[in-house]
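Undergrad: I would like the entire structure built from these sequences, with the hints used as guidance.
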Amino acid sequence: MGPPPNYLITRKLIRHFFRRYLPKAPINTQNYGEEFEQAIQQYGIDHSETLALLEKADIEDEKEIAYRKKIINMRIQQNVMATLKRPLFPYEKKGRFREDFEKYDWTIYDGIKK
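Residues 19 to 132 in the numbering used here are what the sequence shown spells out, letter by letter.
Simulated from the structure, these hints should not be mistaken for laboratory data. The beta carbon of each residue, even a glycine, is placed where N, CA and C say it ideally should be. Just so you know, not all the hints are guaranteed correct.
Cβ pair distances, simulated, as ranges [unchecked claim]:
no., residue 1, residue 2, range
1, 42, 74, 18 to 24 Å
2, 52, 80, 16 to 22 Å
3, 48, 97, 17 to 23 Å
Only pairs whose alpha carbons sit at most 25 Å apart, straight line, appear in this in silico DSS-like list of lysine-lysine [what the hints assert, rightly or not]:
no., residue 1, residue 2
4, 81, 42
5, 42, 88
6, 74, 42
TA: Take a look at the structure:
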């Protein structure tokens, strides 16, 4: 079995990029959960320090959820995948399917260039 076509490889690389490298949470978030646990052990549940850290942790969680919704609503991966060109097959370059191409310009969306 031969290697997969270039346009499939390109699409797989783009999907992999968005799955692995697109941030799923804001970059500057802190872990308030550990501070909250330490405050409970040190001050108790009803102390003002503990309640303040609880409010901070809730606010940060809300920000993270809003950020994730924003990223999902931007539909970055779907928009990029929709702009990819479909491959130009050899039978489309000749015969009745021909559209009189002088020269077909290669772009990154066509696949990996050999």
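Undergrad: Just pull the numbers of the violated hints for me, sorted ascending.
TA: When the structure is compared with the hints, only number 3 turns out to be violated.
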